[in-house]
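Asks: The lines below spell out each chain.
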Amino acid sequence: AQTVTQSQPEMSVQEAETVTLSCTYDTSESDYYLFWYKQPPSRQMILVIRQEAYKQQNATENRFSVNFQKAAKSFSLKISDSQLGDAAMYFCAYRRRNSGNTPLVFGKGTRLSVIA
Amino acid sequence: DAGVIQSPRHEVTEMGQEVTLRCKPISGHNSLFWYRQTMMRGLELLIYFNNNVPIDDSGMPEDRFSAKMPNASFSTLKIQPSEPRDSAVYFCASSLPPSKTLFYGYTFGSGTRLTVV
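From first to last, the protein sequence lines stand for chains A and B.
If you read the first sequence in our numbering, its first letter stands for residue 1, the second for the next number, and so on.
If you read the second sequence in our numbering, its first letter stands for residue 1, the second for the next number, and so on.
There may be inaccurate statements among the hints.
The calculated DSSO-like cross-link candidates involving lysine-lysine, where the alpha carbons are at most 30 Å apart (straight line), are [claimed, not checked]: (1) K78(B) - K108(A); (2) K73(A) - K68(B); (3) K108(A) - K70(A); (4) K78(B) - K24(B); (5) K55(A) - K100(B); (6) K55(A) - K70(A); (7) K78(A) - K108(A); (8) K68(B) - K78(B); (9) K100(B) - K24(B); (10) K73(A) - K55(A); (11) K55(A) - K78(A); (12) K108(A) - K55(A); (13) K68(B) - K24(B); (14) K70(A) - K68(B); (15) K108(A) - K24(B); (16) K100(B) - K68(B); (17) K108(A) - K73(A); (18) K68(B) - K108(A).
Worth flagging that the hints you see were computed from the coordinates, not collected in a lab.
Construct the complete structure from the given sequences, taking the supplied hints into account.
Replies: Next comes the structure, spelled out in C-alpha cells:
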C-alpha cells in the first residue's frame, strides 16, 4: 500500500521569507500524481499544486513550487515570499494513475504558522 | 458551479443516535469519495464510488457505517448507532475521470463536523 509521510508536524516562517515543507512517499508504482493541499481554519481543502510523476520539470504556481525527486520519492513544497494568508495545515497527497479514478492518500499534515 | 455541497455543516448528536451526512457532488463528476479527518489519524478514506458503484469500502471502520449513492447527484454516509469516537470532520469529494481533465485532483466539500456526546 502507498504511504505518505510528512515529518514536520509544525513549521513557522517570517512574513516575506521562504519556507520548505517536506514530504516523502512510498510506492511501487511508476506512474502517479502528487499534490499539495492547503487547509485554512475554515477547513476547506484547497489544491495548491500538483505534479505528474512522468514530468521531470518541477511544477510552479506563483509563489508555490515543488522539488520533485522521483528516485528519492520526495516531494517538497517551497513557499516564497510567505504571507499571513499562507498560515494553514498543508497536506501532501499521492494518487496512483489509472484509467479510472483512484483515491488520494494523504500525509498527516504540517501546520504552518506565519509570523508578522 | 456551486462546488461539492455537504450538509449539515455541523452536527451534534447523542451516543446511540443515527446520523446521516449528505453530499451533492459537482454535476458531471463520476467519482465520489468520503474521507474522515481526526487529529490522531489525519485524513482517512472511508469509501469511494465510481459511476455510483462502490469500489472500495475497506476504510469503513465497522458495520455501524454505511454509505450509498443512489444516483449521480447524491450520496449519504450513515452512522448507526453513533459513538463518541466517531466525532470527526467528514469530507466528501468528487472528481472527473483523469482522461477528461487536466486537473487530476479532487474538489472537496466544506465538510461536516460531527460531535457525538
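Asks: Does the alpha-carbon distance linking K100(B) and K24(B) stay inside the 30 Å limit?
Replies: Holds. K100(B) to K24(B) sits at ~20 Å (cutoff 30 Å).
Asks: Are the Cα positions of K108(A) and K24(B) separated by 30 Å at most?
Replies: Given pair K108(A), K24(B) holds - Cα atoms ~26 Å apart, limit 30 Å.
Asks: Given the hint that K78(B) pairs with K24(B), does the C-alpha gap stay at or below 30 Å?
Replies: Roughly 15 Å separates the two Cα atoms, so the pair holds.
Asks: Do the alpha carbons of K55(A) and K70(A) lie within 30 Å of each other, as the hint requires?
Replies: Holds, because 10 Å separates the two Cα atoms, which is no more than 30 Å.
Asks: Holds or violated: K78(A) with K108(A), Cα cutoff 30 Å?
Replies: holds, 18 Å
Asks: Between K68(B) and K108(A), is the straight-line Cα distance small enough, at 30 Å or below?
Replies: Holds. K68(B) to K108(A) sits at ~27 Å (cutoff 30 Å).
Asks: Just to be careful, I want the Cα atoms of K78(B) and K108(A) compared with a cutoff of 30 Å; is the pair within it?
Replies: Cα-Cα ~25 Å, so holds.
Asks: Would the pair K108(A) and K55(A) pass a check requiring their Cα atoms to be no farther apart than 30 Å?
Replies: holds, 25 Å
Asks: Do the alpha carbons of K73(A) and K55(A) lie within 30 Å of each other, as the hint requires?
Replies: Roughly 14 Å between the alpha carbons, so the hint for K73(A) and K55(A) holds.
Asks: For K108(A) and K70(A), compute the direct alpha-carbon distance and say whether it is at most 30 Å.
Replies: holds, 21 Å
Asks: So if I understand the rule, the pair passes when the alpha-carbon distance is 30 Å or less; does K100(B) with K68(B) pass?
Replies: OK: K100(B) and K68(B) at ~25 Å, within 30 Å.
Asks: Is the straight-line distance between the alpha-carbon of K55(A) and that of K100(B) 30 Å or less?
Replies: This hinted pair holds, its Cα atoms lying about 19 Å apart.
Hints 2 and 14, counting from the list given before, are not met by this structure.
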